[in-house]
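Novice: Please work from the sequences and hints to get the whole structure.
There are 2 protein chains.
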Amino acid sequence: MATLGDIGVAATINILTAFAFFLAFAILRIQPVNDRVYFPKWYLKGLRSSPLHGGALVSKFVNVDFRSYVRFLSWMPAALRMPEPELIDHAGLDSAVYLRIYLIGLKIFVPIASLAFAVMVPVNWTNTTLKRSNLIYSNIDMLSISNIPTGSRRFWTHLVMAYAFTFWTCYVLKREYEIVAAMRLHFLASEQRRPDQFTVLVRNVPPDPDESVSELVEHFFLVNHPEHYLTHQVVYNANKLSELVNKKKKLQNWLDFYELKYSRHPSRKPSLKTGFLGLWGNRVDAIDFYISKIDRLTREINLERDKILSNSKSVMPAAFVSFKTRWAAAVCAQTQQTRNPTLWLTEWAPEPRDVYWDNLAIPYVSLAIRRLIIAVAYFFLTFFFMIPIAFVQSLANIEGIEKAVPFLKPIIEVKVIKSFIQGFLPGIALKIFLIFLPDILMLMSKFEGFVSRSSLERRSATRYYIFQFINVFLGSIITGTAFQQLDNFMHQSANDIPKTIGVSIPMKATFFITYIMVDGWAGVAGEILRLKPLIIYHLKNFFLVKTEKDREEAMDPGTLGFNTGEPQIQLYFLLGLVYAVVTPFLLPFIIIFFVLAFVVYRHQIINVYNQEYESAAAFWPDVHGRIITALIVSQLLLMGLLSTKEAAQSTPLLITLPILTIWFHRFCKGCYEPAFVRNPLQEAMMKDTLERAREPNFNLKSFLQNAYIHPVFKGVEDDESDPAVEEFEEEPVLIPTKRKSRTNTPLPSKYSGSSSP
Amino acid sequence: MATLGDIGVAATINILTAFAFFLAFAILRIQPVNDRVYFPKWYLKGLRSSPLHGGALVSKFVNVDFRSYVRFLSWMPAALRMPEPELIDHAGLDSAVYLRIYLIGLKIFVPIASLAFAVMVPVNWTNTTLKRSNLIYSNIDMLSISNIPTGSRRFWTHLVMAYAFTFWTCYVLKREYEIVAAMRLHFLASEQRRPDQFTVLVRNVPPDPDESVSELVEHFFLVNHPEHYLTHQVVYNANKLSELVNKKKKLQNWLDFYELKYSRHPSRKPSLKTGFLGLWGNRVDAIDFYISKIDRLTREINLERDKILSNSKSVMPAAFVSFKTRWAAAVCAQTQQTRNPTLWLTEWAPEPRDVYWDNLAIPYVSLAIRRLIIAVAYFFLTFFFMIPIAFVQSLANIEGIEKAVPFLKPIIEVKVIKSFIQGFLPGIALKIFLIFLPDILMLMSKFEGFVSRSSLERRSATRYYIFQFINVFLGSIITGTAFQQLDNFMHQSANDIPKTIGVSIPMKATFFITYIMVDGWAGVAGEILRLKPLIIYHLKNFFLVKTEKDREEAMDPGTLGFNTGEPQIQLYFLLGLVYAVVTPFLLPFIIIFFVLAFVVYRHQIINVYNQEYESAAAFWPDVHGRIITALIVSQLLLMGLLSTKEAAQSTPLLITLPILTIWFHRFCKGCYEPAFVRNPLQEAMMKDTLERAREPNFNLKSFLQNAYIHPVFKGVEDDESDPAVEEFEEEPVLIPTKRKSRTNTPLPSKYSGSSSP
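First to last, the sequence lines map onto chains A and B.
Going by the UniProt record's numbering, the first sequence opens with residue 1, and the numbers climb by one from there.
Going by the UniProt record's numbering, the second sequence opens with residue 1, and the numbers climb by one from there.
There's no promise every hint is true.
[What the hints assert, rightly or not] With beta-carbon atoms standing in for the labels, derived distance ranges: (1) L103(A) / T644(B): 38 to 46 Å; (2) L103(A) / D210(B): 36 to 44 Å; (3) W156(A) / K174(B): 33 to 41 Å; (4) L653(A) / G561(B): 54 to 62 Å; (5) T150(A) / K174(B): 54 to 62 Å; (6) K174(B) / D487(A): 52 to 60 Å; (7) G151(B) / F380(A): 37 to 45 Å; (8) K174(B) / S114(A): 53 to 61 Å; (9) F384(A) / V9(B): 50 to 58 Å; (10) A390(B) / W156(A): 28 to 36 Å.
[To be verified] Each computed DSSO-like pair below joins lysine-lysine, with the alpha-carbon atoms no more than 30 Å apart: (11) K446(A) / K669(B); (12) K174(B) / K446(A); (13) K701(B) / K324(B); (14) K669(A) / K446(B); (15) K669(A) / K669(B); (16) K324(B) / K645(B); (17) K273(B) / K293(B); (18) K540(A) / K293(A); (19) K250(B) / K313(B); (20) K324(A) / K701(B); (21) K324(A) / K324(B); (22) K701(A) / K324(B).
[Stated by the list, open to error] Taking beta-carbon pairs under 8 Å as the criterion, some of the chain B residues facing chain A (in silico): (23) T335; (24) T342; (25) H491.
No wet-lab data here; the hints were simulated from the structure.
Cβ coordinates follow ideal geometry from the N, Cα and C atoms, glycine included.
Specialist: Right, here's the structure in full:
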């Protein structure tokens, strides 16, 4: 058992680590050479350009303004300064609402912690149960519920506190749900005209022997939504075309590279060998070679495109149908079209960026089967993932390797290598699995057939949370694999399960405190350092970057990562709520995590992450639901714990808590969830009327015509007209010594987190 | 343990009882004096009139045509002869689909029973486990799974059978869901123009300081559904008026009685005393007295009606809004109107007859709280209902009574009375509770705030089923009160619960066989006898009936009673599915029940029951869901049973069964449930177009104007113009000897179940 001193040492170490990360970040971020790693968002917005273009040679790579080193934590207030409305404008509602999750953490736990320290710590501390017992205990246990004698009347304090904490949490949750729902509706209402406001995604268009899908869709909606139907866009199966376009892009890039080379050294015409990797074969003129190759590919692409557009087989039985008014789109998205509810399924179209094109054509029965398969697969993944890993681990020991590849024996027997294998290999299989887990879960969601990237991420987040709950939370409390736990639970009564877990809860407090410090504090501080993107960017920059476009692509802004980030936060909610009554000493550590994470992620959202889609905070019901789950788990565990403490009179009072909480959840669901699922007609009508009055002659049809074209077609058509691409084509040179025109563009927001020199 | 012989005796007794009931029914139904008890449906339809008007004096009361006694089972083929479409026309879709539940029972259990007897009975019979053991066993157990030695390979048969039965049940269920959904859609589509097709019920209209509810509703829908809104009807709080109208009806009845008396004996003017129950007070002229009283009440009613119509406070925040087309109504019913999902709630309006007026004005928050209260109350009702009953029982013993009322002691000590009290009183409390249970459950549903009578009945049925499942099914298998069971289950592991129940299953087979014979066979045969309505009708006829209208009211056709009938059928499904693999010997008894019940209820639906509303088979998802539940319960119990038989290798195979079943349920839910909840736009549009073409000038507004008026207002206005009432006013005389004009009207359907002389 760790004492207060031990915790202090661990805290010091972790605080120092976090501090070191922050220091490293402060130094690295103000170096111009790292500018694209730490401020990619501004580059993507086109509001900042490479600092490499101007200034003296040294100051282009290294910051020589020493004053800027002094203010090394200046990014923190800067990150907090941008007001929420501007943040929504800058990074989207998703990001702004995501940050509110951390705020909720603070809103819930700061009052709870104050109350707990004011009331419960004295109540726990002034007992002598542990002193008189022969158990080994630490000072922290003195502060926890363990220090109270069994059957004591003092448990009434904990009971009252459990009620107080529940009510406070529910109050905060309800208020927050209300605010977020209002934010979402306001965001949707105040937005500019967007194609998805007028568009509905129709799936499972039934096959028709006489009509093409396009004709069928048009006729169906002309008949069933006359006066409202405007236009539609069928969905093509463009996987092959997509491949070709990517290939062309690569070749174009090589062409750019050689043209650049030629323009730098006009004396030597670049050439290359046509064989494998350019190592052998005929030597030809590189520029001509690529021009001819691109020409051929362009023709091929045009052919393929024509084929797709003309061949009725490449049309998938799905379409984006647009209406004349928002009202009509809202009506169509919320109603059932035909008597067969598995055909002509309509739903609100996701944002064009948010569409996951591959899944648009899955028929209903297949969807149902896929869901079953994934449910079973996920069950096995969660409970039996240790089996293959244990198998790999058993293979990856010294004897196993020696047996499999006997000729490696002399090498393996070298002491350094042997100890490396012994110490490292068994763990690496698990590590690799855990690193790839989010991707595996994402693959599962993709297979399941969701049609928008936001819903893919939401589903993956749910799965990741359950995995963490079972394997991290329960796995740490009751040691053993998930399967062993499952087996235990199957053989225990419904009464005993909360007891078993509840009893172990106080004993694991110090473990979780350490976990919070390592995973939470140091992890968050590491997030801001972006070590991996930093290294990869510089490696790419050194070895691979040929053109400005390459540099653009080497810059990896990353995203918020809802599917991994949110479950991590939820684990802290779970720990906080479970330990609030049991060991309140844990709460300050969680509060520090929330503060730190809030600042760091606010900074990252402002300066780094690239928003790939906008779901208008559609994830909030999930967040709310998981905090409610944590609350219920905490109540059940407290019930289990108290029932072993012979405080049986508390059971009926404790049982009402989860019932009230579940009822509260259903109440909130009824009150606020529709705002995230359906679209109120009144709002749509209001916007329609306003717009008709303002722009009576707006040509909506042309506005919507190409909104939902597969990105590949767009790529083909717009490749040369894309404004971002154009900008780079205007100045494709990368010779810093020759031109001196542009320095850093001044930053547009006075609140932005940048403090580059 | 009952042997085959015992079962045979019990069967003989029950068959004889059923036979006696049928015989009594056959004799009683052809007596003209009972005509209104056994053919009330035809009276209500106006297709049959009292046989008392014609023929000789004797033949008016007793059937003297002895040939009709010979064909005493002739009603059975007659009941089966009416084809389903005509039945739907005659008794509504609800009744026709209700009968399909019995048909499903036959479709499921006849093939299962054949297969079980062909395969499993030989497999079970050819063992000697029971013979070699020292256990007491019966011949029936020789046929059951108990006869197979533990760890035997023969359990594979049961495993395969479990799969076969599951797949067959699911197949039948899916087909039936499909058929019923199609029937419902066809019924809704082929129906004549009905007000509820165009109307939406709007609840939770927010209060507005400037506008009345009526204005507010009109403005809201004119703005948000322009081009579609037609008219609306606000809902009045008319409870007081309703009371007054009922009072007036009673007085009117007395007036009729005295007028009749006077016309029979014109010499003596009827008079009465004005005091309590007419026992003392001034003697006045009865006719004058009632005329003046009715006059006063009529004025009061008019006043009250005007008050309600003029006072804005009596308008409830709810309205029935009608649209110009079915399409618009379908759109409005399926969409969310405003950003606050707890206001302006729209839903498909129930049929006018189906509206439960009292619940229309409950606000959203109150609804949520009511639901919580009822959930808790229902839990206590189900698990703790024995506590008050045991308390009453403890009071109702000899010593208790003697203590409470010592002066009764000499009477109680009389032997006959004493044994009566001892044998009868303790049981009577439970019996009374069980008789009132459906009413209690109905009250709960009413309190919960459902707005249609069909949904009230559906919810009550669900609750009754759960009660029966816990207290009858589980209560018989594991003896003990529900609370003791709950306590047991809480202290048992999830693994052990199916085992505990599963092990007892084979031992209870004979008990359930007896139960099926008593409750099922004799009970159903008793249903057709209608002993209670028969007795009550004749009592009323003898003592109370003053006018023809009274006689009309004394006739109690009853209804199908979905809230009690359906849960009873479901109990048989549960028994059949649970015992199909364990003791197939039980299946024939269930099949006989289904056959008998099908014929009896078909007869009753054709000739007796009065259909009070039409929900277009909206209850089918519930029926389907409960059969699925029974299937899953049977699978879990089989798993528990087999795991005690050391057939552990079967567990993984058995676990997949419930998973597949749950998946199948969700699949069916997705495929067919929307047909019962939502309204497809295509259908609505088709009907609209057709109707526009056929009757372009139909005045829909006047058609809908008064459709959703509170029945009390209708009563006041239409009282004198109601065709049924008019008919009785034309011949209000009840003197059989004076007129001789009418005999029984010939029955309109050649398939009708009647075979009256």
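Novice: Are the hints correct? Go through all of them and say.
Specialist: Results for each hint:
1. L103(A) / T644(B): 38 to 46 Å: 54 Å, violated
2. L103(A) / D210(B): 36 to 44 Å: 39 Å, holds
3. W156(A) / K174(B): 33 to 41 Å: 55 Å, violated
4. L653(A) / G561(B): 54 to 62 Å: 41 Å, violated
5. T150(A) / K174(B): 54 to 62 Å: 56 Å, holds
6. K174(B) / D487(A): 52 to 60 Å: Violated, at about 35 Å.
7. G151(B) / F380(A): 37 to 45 Å: At 28 Å between Cβs, range violated.
8. K174(B) / S114(A): 53 to 61 Å: For S114(A) against K174(B), whose Cβ atoms are near 58 Å apart, the range 53 to 61 Å holds.
9. F384(A) / V9(B): 50 to 58 Å: 55 Å, holds
10. A390(B) / W156(A): 28 to 36 Å: 32 Å, holds
11. K446(A) / K669(B): At roughly 23 Å apart (the allowed maximum being 30 Å), K669(B) and K446(A) satisfy the hint.
12. K174(B) / K446(A): 29 Å, holds
13. K701(B) / K324(B): Judged against 30 Å, a Cα distance of about 8 Å means the pair holds.
14. K669(A) / K446(B): 23 Å, holds
15. K669(A) / K669(B): 21 Å, holds
16. K324(B) / K645(B): Status violated; Cα separation ~67 Å.
17. K273(B) / K293(B): 14 Å, holds
18. K540(A) / K293(A): The given pair, whose Cα atoms are some 26 Å apart, holds under the 30 Å limit.
19. K250(B) / K313(B): 29 Å, holds
20. K324(A) / K701(B): The hint holds at about 29 Å.
21. K324(A) / K324(B): Since the Cα atoms of K324(A) and K324(B) sit roughly 21 Å apart, the hinted pair holds (cutoff 30 Å).
22. K701(A) / K324(B): 29 Å, holds
23. T335: 5 Å, holds
24. T342: 6 Å, holds
25. H491: 5 Å, holds
Hints 1, 3, 4, 6, 7, 16, counting from the list given before, are not met by this structure.
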